[in-house]
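Mind docking chain B on chain A? Use the hints.
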Amino acid sequence: MDFLDLLYKIFVKDDSWLTILNGLWVTVQISALSLLFGTLFGSLLCFFRVGKFPPLKIAAQVYISIIRGSPVLMLLMLLFYGVFARTGINPLLVAVITFSMHTAAHVAELLRSALMALDKGQVEAARTLGFSKFQAFKLVTLPQLVRIAKPVYQSTVVNLIQWTSVVGYVTITDLTRVINNTASRTMQPMITIMGGMVIYLAISYLVYGIFHWTERRRAQ
Amino acid sequence: MSVIEVSGLKKSFGAFEVLRGIDLTVEEGERIAIIGGSGCGKSVFLRCLELLEKPNAGKIFIDGQEITAQGVDIDKIRRSMGMVWQKFNLFTHMNVMENLTVAPIKLLGMTKDDAREKAMALLAQVGLTAKADAYPEFLSGGQQQRIAICRSLMMNPKVILFDEPTSALDPTMVGEVLAVIRMLAKQNLTMIIVTHEMNFAREVATRILFFADGEIYEQGTPAEIFDAPKRNKTVAFIHKLKYFNYEISERHFDLMEMQGGIQTFAEKYGLSARRTNRIQLSCEELIYEMFDNACADEIKIEIDVTYSEVDNSVEVEFTCAGKSYNPLEKDFDELDEEHLGATILKSLAQNYSHEYDGGTNRIKFTLA
Numbered sequence: 001m002d003f004l005d006l007l008y009k010i011f012v013k014d015d016s017w018l019t020i021l022n023g024l025w026v027t028v029q030i031s032a033l034s035l036l037f038g039t040l041f042g043s044l045l046c047f048f049r050v051g052k053f054p055p056l057k058i059a060a061q062v063y064i065s066i067i068r069g070s071p072v073l074m075l076l077m078l079l080f081y082g083v084f085a086r087t088g089i090n091p092l093l094v095a096v097i098t099f100s101m102h103t104a105a106h107v108a109e110l111l112r113s114a115l116m117a118l119d120k121g122q123v124e125a126a127r128t129l130g131f132s133k134f135q136a137f138k139l140v141t142l143p144q145l146v147r148i149a150k151p152v153y154q155s156t157v158v159n160l161i162q163w164t165s166v167v168g169y170v171t172i173t174d175l176t177r178v179i180n181n182t183a184s185r186t187m188q189p190m191i192t193i194m195g196g197m198v199i200y201l202a203i204s205y206l207v208y209g210i211f212h213w214t215e216r217r218r219a220q
Numbered sequence: 001m002s003v004i005e006v007s008g009l010k011k012s013f014g015a016f017e018v019l020r021g022i023d024l025t026v027e028e029g030e031r032i033a034i035i036g037g038s039g040c041g042k043s044v045f046l047r048c049l050e051l052l053e054k055p056n057a058g059k060i061f062i063d064g065q066e067i068t069a070q071g072v073d074i075d076k077i078r079r080s081m082g083m084v085w086q087k088f089n090l091f092t093h094m095n096v097m098e099n100l101t102v103a104p105i106k107l108l109g110m111t112k113d114d115a116r117e118k119a120m121a122l123l124a125q126v127g128l129t130a131k132a133d134a135y136p137e138f139l140s141g142g143q144q145q146r147i148a149i150c151r152s153l154m155m156n157p158k159v160i161l162f163d164e165p166t167s168a169l170d171p172t173m174v175g176e177v178l179a180v181i182r183m184l185a186k187q188n189l190t191m192i193i194v195t196h197e198m199n200f201a202r203e204v205a206t207r208i209l210f211f212a213d214g215e216i217y218e219q220g221t222p223a224e225i226f227d228a229p230k231r232n233k234t235v236a237f238i239h240k241l242k243y244f245n246y247e248i249s250e251r252h253f254d255l256m257e258m259q260g261g262i263q264t265f266a267e268k269y270g271l272s273a274r275r276t277n278r279i280q281l282s283c284e285e286l287i288y289e290m291f292d293n294a295c296a297d298e299i300k301i302e303i304d305v306t307y308s309e310v311d312n313s314v315e316v317e318f319t320c321a322g323k324s325y326n327p328l329e330k331d332f333d334e335l336d337e338e339h340l341g342a343t344i345l346k347s348l349a350q351n352y353s354h355e356y357d358g359g360t361n362r363i364k365f366t367l368a
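Just so you know, the sequences run in chain order A and B. Counted the way our numbering counts, the first sequence spans residues 1 to 220. Counted the way our numbering counts, the second sequence spans residues 1 to 368.
One chain only, chain A, in its complex shape:
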């Protein structure tokens, strides 16, 4: 009974649950938007990276190595305290920009490795049947790319969600920040933080579940 009381005090009492839900919403927003823009930008980046135009190719390569080679928190602080310091821009927007940039670099690389794993023979087979370059891309490259890239993309998504937990550094009250605040307020760090972890775990498994669900079963 004592334990349930404690849980009630930490997670429910005085609209505590609402605060946590708000934090969760912020985390979800940042993650979802960053994923969307990051994937779009990442595809473009990959297109440049494997393309035949040297300046764009090199630019993409440099961008990818810098972003992938440095902590995302550094990038976040650089943008928040440096680049956008005097603009009075919404911190949430800075976070979305940061994580979009970060995700883009990873998505570009995972797409590139998927492209390399692709069987060129099938594209050639499509071309010799009479499909145009674009049709062959749609018919063969894209569906197979998706199939190869999916498992890696899935962990990129989960990683992204977990990485957003650092946005507290730039005054954003996300799930982690809320949990931290709650822990200080209730003086129950053990239970509170473990509760927060469970929420992150739940989100991750939700993502896995969604991917699993989209994986169409193939007939034997």
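Just to be clear, a hint being listed does not mean it is correct.
30 Å max Cα-Cα, derived DSBU-like pairs, lysine-lysine [said to hold, decoys possible]:
no., chain 1, residue 1, chain 2, residue 2
1, B, Lys-131, A, Lys-150
2, B, Lys-54, A, Lys-57
3, A, Lys-133, B, Lys-112
4, B, Lys-76, B, Lys-87
5, A, Lys-120, B, Lys-112
6, B, Lys-87, A, Lys-133
7, A, Lys-150, B, Lys-87
8, A, Lys-120, B, Lys-54
Here are the simulated distance ranges between beta carbons [claimed, not checked]:
no., chain 1, residue 1, chain 2, residue 2, range
9, A, Phe-53, B, Arg-182, 46 to 52 Å
10, B, Asn-56, A, Gln-162, 50 to 56 Å
11, B, Asp-304, A, Ala-117, 47 to 53 Å
12, B, Gln-70, A, Ser-113, 35 to 41 Å
13, A, Val-152, B, Asp-63, 42 to 48 Å
14, B, Asp-213, A, Phe-53, 36 to 42 Å
15, B, Asn-56, A, Leu-36, 43 to 49 Å
16, A, Ala-117, B, Lys-240, 35 to 41 Å
17, A, Tyr-81, B, Phe-13, 52 to 58 Å
18, B, Asn-56, A, Ala-117, 27 to 33 Å
19, A, Val-83, B, Arg-116, 54 to 60 Å
In case anyone wonders, no lab produced these hints; they're calculated from the structure. In this text, a Cβ means the ideal position worked out from N, Cα and C, and glycines have one as well.
Okay, now just chain B, sitting in the frame of chain A:
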């Protein structure tokens, strides 16, 4: 009008010239087999016909249309040509029926039902109706290749190009694929087949092209090429000739190196120890015979051993600069201590011949 016309086709990769000027005209109903060693440009030639490789020079006409011309709609011309690949290249994310019907539906505007009906008819011909809904990864190589042939037939091509259709297959599956190609041959479909299956080429083709050095080195009917090849490289290829060559330029040559070389050569092609020994012995005796009797101060001896895998025969050709000397010319009634080497040679060599021309002895013989 000829189905395919190629003139002066050249293709290089970097500095490496793969095709050095190919001229070829293929008439409707012809079945052409292209044979040749690896790296002779046969596959590149097929890829050029499909414009998968851009030729450096020359013109290609498919059914009267020049595909090497500027601004040609290659996608449309490709519809009239089928290609069957060494690695099948079925679309792995589609099942068999989708593999067969996707192109005719999207490119020829065939209705789904018509396409399915046609696909089933073709599958029936190759005995694979049961696999219509299977995915390629669950099919054997032979089955995949039969499906791949059906896929190209779905487009009603004027000509089908086969790029080593059985090279990636288990020996047990070669037969089923060849059977399907044979069936197509009976329907008088025009085709070009790059193949290593010589018996198959002989039986199915109406014309054989032997590729070497990036050109059509020799061509003719199967009988002409397989029974009476005219040029050196064709003969060597058809009879699967293997060569060993050794040159000697001083009296104190490295005998062990030569013997080792012959040993390695013989082991590589599975010659018996007895035959290996005979080659080594006859070469050694011949060399010392010539040292003693024909050679002056300057030594110039060359030994060529040729082994034919098809006839299982070994031929030795021996040239030596110097005086005219034929070691087997003498009377061998009595065993002669002086010419023990020649005696040994006489007992080993068959079909022996000696010529002397322009200061060079040329000795040829075969070994059992």
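Could you tell me which of the hints above the structure violates, numbers in ascending order?
-> none
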